[in-house]
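Enquirer: One letter stands for each residue in the lines below.
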Amino acid sequence: MMGRWDDGSVRAGAKMLISLKGVSKKFRKNGKEITVVNDCNLEIAENEFLVIVGPTGSGKSTLLKLIAGFEAPTAGELRVGGNIIKGPGADRGMIFQEYALLPWRTVLKNVELGLEFKGGKKEAENRELAMKYIDMVGLSYAVNKYPVELSGGMKRRASLAMILVTKPKILLMDGPFNALDSKTKMTMHTEISRIWKHEHNTIIFVTSELDEAVKLSDRIAVMNKAGRISKIFKNDLPRPRFGKAALAPDFHNRFIGLREEVLNEVKAGAGLAVCEY
Amino acid sequence: MGDRIEKKQQSGTGKAGAFLAERGFYVLGVLLFLVVWQAASMLKLFGSDFSEAFSPWAAALALIEMARNGDITRHAIPSLRRVLVSLAFAILVALPVGVLVGYFKRLEQLTYVVFQFMRMISPLAWMPIAIIMFGVGDVSVTFLLWLVAIWPLILNTAHGAGRVSPLWLNMAKTMGAMDAGILRKIIIPAAIPDMLTGLRLAVGVSWIILVPAEMLGVPDGLGYFILDTRDRFRYDQLMATIVVIGAIGYLLDSVNRWLISKYSWKI
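Residue numbers (this note's numbering), protein chains in the order written: chain A, 5 to 281; chain B, 1224 to 1490.
It should be emphasised that the hints constitute simulated quantities derived from the structure, not laboratory data.
Just to be clear, a hint being listed does not mean it is correct.
Said to hold, decoys possible - If we take Cβ atoms under 7 Å as the criterion, some of the chain A residues that face chain B in the derived model are:
{"hint": "1", "residue": "GLU102"}
{"hint": "2", "residue": "ALA104"}
{"hint": "3", "residue": "PRO107"}
{"hint": "4", "residue": "GLY124"}
{"hint": "5", "residue": "VAL147"}
{"hint": "6", "residue": "THR170"}
{"hint": "7", "residue": "PHE255"}
Backbone N, C-alpha and C fix where the C-beta goes; we use that ideal spot for every residue, glycine too.
Extracted from the complex, chain B is given alone in its bound form:
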């Protein structure tokens, strides 16, 4: 059976055929999703009054409108900035902490319960405290995003630093390596695949938390714009914003997947 299918594909219609065979189902999935979305709006699943505005067609038109009048960039750029700034600070703290925690068994035991405990708290729960500390605005949002990004980064880095083979360490020591050299040339490179996995998780969860965090009194950002479109009854724009959020999230994740495939070593 398997042979037959393969033969059929080989005798297919050249390049386009090969593309369809390889990527066809990805495209089909997206098309099916659009059909379901359209059906949902036609069946008035979004409510009888506004279903028309929730349709993919309306969203597409709104998307073009928002691209033209600059709404997308006006709100996507502050959102991206907040995520990237918080990620930078998270990396700055999480990578050293993760390496130390992964390398020193006692430090891992010391921090294990607290880290696992903190990790399970939605950063939105800290929101009132963030506002008391930093006031309403950019800093609070960035702080909340930082708080959500550090855990996957710390825990994955620690995991990576912890699984450094004792053989490599012994070998480095017989080569006369000092601690700094072992850290720089063995432990950190060994942990890079796990650091990148941590980064991918951190970006994912930051992007998800971004939207509610931006509903906390900032004057721009995609989260803010969701509330704004709702208040203006522009549900077509709301759907378009949702599409933008998903698309940027997908793009960010693609960048991370690319980093992982490029910088991960294999055994």
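The shape of chain A in the complex, shown without the other chains:
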């Protein structure tokens, strides 16, 4: 039941969690109809780390919004755990490209928000848990600052902690590390891999950086300018992919090799668009 362009198989015996069948999304802009997501087929297994790459305007973010349930598809069907997606839900935590921090709450209170919604726990427990995640994203020095006082990168990290603390089963991440400096980005890569390993989330991660894609993914889906998934690459590189492991010559060669392949696919997808329009 894999998608048409899907030549990368997922782990043997894995249970399918998310399935997209013939999903399209069209918008009307100035009277013209634009197809942003075009007949996408995709199956994502439980505990899989799928990265979606593609040139800007290839509909990556829109595809993620469809899975999140913020947008309804024009055609096709999206399911999570067998149920058709009808709207946003607590099973799918979205980390936005924009900052969704509440301006009247401090960093700490923002991170506590999701725990407050869940309820049930004591304030002290919430605080402790929130502090743990704030620490993880390296913001413990700014817990009592308001969003207006934070830099772009700090806001990004705060919104990340805000969602991670709620431990959603499925994590939808739209360019979550885009604005970070390289050192913080490396920390976040290690952290997100660790969280994924320990909490067995399913992660769908949109990015335009191929290094990031190869580092993090089980599979890499490439979208092209026409809004189609042109190819899905299987990423067999052994984990962990950080630190010493990444220095082994064999690993390094395979890493570069895969990145090259994906890059060519992305380039082809972007070039195709130039011919079409």
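The hints should help you fit chain B onto chain A, whose structure is shown.
Expert: Just chain B now, kept in the frame of chain A:
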């Protein structure tokens, strides 16, 4: 040029200099106002017979007299009570209505014309109806004040609730928030700056309407006392009462400005 002025201020005479540089023009404005007032009374602009009584000096003396014999508290307290009671009832009605109207687009459309229409009617126009409904007295006055206070509160609250970012709502939903939680933790706090702006406008307009409303047959209040001083030809007391009305109004507005600066969030 700008640099020069700044340097001059820095080398000024310490604390007093700094105070004058910062607040001097506020004080100067008040002094100029008193000079104009005094000039108006000396030029007999208030009429040839009573101009003396209308002077700031006469008003100041009357003010001391009224403070001593308790006239100020006797009339200011009922006035403040009427405004605060009507405001409390206005808040009770306007905040929920405003949040609902702001949040639900259809409800906003349903109420838009009626609210904008009602808002433009001076509550004094309702006075005969109020008296038929509630009789002459406190209740009628409070009702009229309530009627003037609800519109700025409703419309501003609705505006605030309406500009809640869809991003926040989406995020709350992905966190599994229920409607009540979204209302309590996202929509209401988001609307607080606008609610406070509404409150400031409501207090301002209530205080203005208070004086004519208290001329409608209540036995006390600053509005009543204006008529009383006129009937007793105590124009010095009349001017002093006007000063009291302005001062309390200014104070109420200061409290509101303080609330806004303390409880408003910034983007």
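Enquirer: Hint by hint, say whether it matches the structure.
Expert: Do the hints match the structure? See the list:
no.: 1; hint: GLU102; result: holds, 6 Å
no.: 2; hint: ALA104; result: holds, 4 Å
no.: 3; hint: PRO107; result: holds, 5 Å
no.: 4; hint: GLY124; result: violated, 12 Å
no.: 5; hint: VAL147; result: violated, 17 Å
no.: 6; hint: THR170; result: holds, 5 Å
no.: 7; hint: PHE255; result: violated, 36 Å
Hints 4, 5 and 7 from the earlier list are contradicted by this structure; the remaining hints agree with it.
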